[in-house]
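Sequences and hints are given; from them, build the entire structure.
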Amino acid sequence: MGFLFRSGEIFIKGVWRENPTFRLVLGMCPSLAISTSVVNGFGMGMAATFVLLGSNIMVSLVRNFTPSKARIPIFIIIISTFVTIVELFTEAFTPGLHKALGIFIPLIVVNCIILARAEIFASREPILYSIADALGMGVGFTLALMLISAIREVLGNGTILGRPIFGPDYDPAIVMILAPGAFLTMGLLIGLMNYITRKR
Amino acid sequence: MREFFQLAGILALVSVLSAWALSYTYSITKPIIEIKRYQKKVEMIALVLPPFDNQPEKEMVQISNEKGETVEFYVGRKNGQPTGVAFKGGATGYGGKISVMIGVNPEGRVYGIQILDQNETPGLGNKITQPSFIKQFLTKDLVSSRWEVKKMGGDFDQVTAATVSSRAITKGIKEGLTMYQNNKEKILKTG
Numbered sequence: 014m015g016f017l018f019r020s021g022e023i024f025i026k027g028v029w030r031e032n033p034t035f036r037l038v039l040g041m042c043p044s045l046a047i048s049t050s051v052v053n054g055f056g057m058g059m060a061a062t063f064v065l066l067g068s069n070i071m072v073s074l075v076r077n078f079t080p081s082k083a084r085i086p087i088f089i090i091i092i093s094t095f096v097t098i099v100e101l102f103t104e105a106f107t108p109g110l111h112k113a114l115g116i117f118i119p120l121i122v123v124n125c126i127i128l129a130r131a132e133i134f135a136s137r138e139p140i141l142y143s144i145a146d147a148l149g150m151g152v153g154f155t156l157a158l159m160l161i162s163a164i165r166e167v168l169g170n171g172t173i174l175g176r177p178i179f180g181p182d183y184d185p186a187i188v189m190i191l192a193p194g195a196f197l198t199m200g201l202l203i204g205l206m207n208y209i210t211r212k213r
Numbered sequence: 047m048r049e050f051f052q053l054a055g056i057l058a059l060v061s062v063l064s065a066w067a068l069s070y071t072y073s074i075t076k077p078i079i080e081i082k083r084y085q086k087k088v089e090m091i092a093l094v095l096p097p098f099d100n101q102p103e104k105e106m107v108q109i110s111n112e113k114g115e116t117v118e119f120y121v122g123r124k125n126g127q128p129t130g131v132a133f134k135g136g137a138t139g140y141g142g143k144i145s146v147m148i149g150v151n152p153e154g155r156v157y158g159i160q161i162l163d164q165n166e167t168p169g170l171g172n173k174i175t176q177p178s179f180i181k182q183f184l185t186k187d188l189v190s191s192r193w194e195v196k197k198m199g200g201d202f203d204q205v206t207a208a209t210v211s212s213r214a215i216t217k218g219i220k221e222g223l224t225m226y227q228n229n230k231e232k233i234l235k236t237g
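Protein chains in written order, with the numbering used here: chain A, 14 to 213; chain B, 47 to 237.
Don't read these hints as lab results, they were simulated from the structure. Quick caveat, the model's predicted, so the values are computed rather than measured. For every residue, glycine included, the Cβ atom is placed at its ideal position computed from N, Cα and C. You may find that some hints are simply not true.
In silico lysine-lysine, DSS-like type, Cα no more than 30 Å apart, as pairs [stated by the list, open to error]:
id	chain 1	residue 1	chain 2	residue 2
1	B	Lys134	B	Lys230
2	B	Lys87	A	Lys112
3	A	Lys112	B	Lys86
4	B	Lys220	A	Lys112
5	B	Lys173	A	Lys112
6	B	Lys196	B	Lys113
7	B	Lys134	B	Lys113
Simulated DEER-style distance windows between Cβ atoms [as the list claims (entries may be wrong)]:
id	chain 1	residue 1	chain 2	residue 2	range
8	A	Val38	B	Ser61	30 to 38 Å
9	A	Phe196	B	Lys113	37 to 45 Å
10	A	Pro80	B	Lys113	34 to 42 Å
11	B	Thr116	A	Ser81	50 to 58 Å
This is the structure we're talking about:
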């Protein structure tokens with residue numbers, strides 16, 4: 014049962030202690046750009062999680078045959094293959110989400126979380142742990158995006174999940190929906206996270 | 047030298063496997079994507095046209111403008127008489143191209159408008175998709191109105207703090223209407 018315990022540990026680590034957005038501060042481009050609504054944040058998180066899962070499994074499977082000199086190009090081919098698969102599937106089955114995520118689906122290719130996990134984790138660890146790592150990192154990324162986008166959607170647009178919450182008289186703080194709002198929210202959340210973890 | 051071929055061989059193998067996975071995914075998703083796109087188009091055409099009993103998406107007339115772009119006009123008919131024409135228009139806004147589906151009645155008055163694609167700033171420019179902005183164009187034609195926003199001496203309200211986006215829509219509709227007027231006989235006769 015030791016391996017189950019270790020998998021759980023790896024999963025929790027990705028969600029909290031090594032949260033990709035707040036602790037590792039990786040994958041900032043999509044986090045800043047698409048976190049304007051909770052739906053977008055959730056969709057981007059799920060798409061990235063799927064790619065991460067696929068690439069971690071593949072990288073872990075071929076880790077013993079991967080020559081170290083050619084590992085980066087091999088990782089990139091694997092990652093971009095999964096990204097293209099996600100892109101085609103979202104367009105076929107969830108066109109609304111595909112339209113909302115737009116350019117950011119192809120950009121998952123260069124999301125450093127995915128390459129970083131392939132390089133740091135999946136290329137050294139067995140497949141089960143790599144799956145736990147992918148799920149932990151993916152869930153951590155998704156939760157972080159949903160938190161940022163919930164704050165920005167409520168303050169900047171006066172809605173949550175597209176539903177108005179303040180009534181018709183609320184004048185939304187548009188800056189929160191624009192780029193500066195993304196930096197503000199992200200900075201404050203990272204600060205808060207550092208404060209909480211230091212106290213322990 | 048041996049290592050060189052080994053690396054190249056492994057990379058080639060990975061590429062071939064990846065190409066296979068991609069072509070397989072493409073072949074199963076392509077028909078679904080095409081059906082979805084077609085359904086979306088049919089839906090949008092129906093939303094901007096007056097009531098009809100034919101299939102406008104099948105009665106299509108292609109016309110090229112002076113810029114060399116081809117615009118497709120879809121004719122809606124009831125009992126064989128044309129009730130309206132739908133076509134795509136567009137203009138460049140603040141965040142790239144905005145495309146709209148425009149529906150007019152046979153005389154060239156605007157009947158319905160649907161925004162198809164836009165990447166305007168969320169919270170500002172994307173308010174052009176709101177009905178309160180769109181509905182001011184309905185029942186207008188080229189003669190009845192000056193097709194500019196009020197700020198520029200025209201007849202239409204702009205969205206506050208989004209003049210570029212508002213002007214783009216106005217210009218796109220105007221160009222579409224002009225093109226329809228210039229080719230009216232050809233569009234209504236055929237199809």
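### Message
For a quick check of understanding: which of the numbered hints are violated here, in increasing order?
### Response
10
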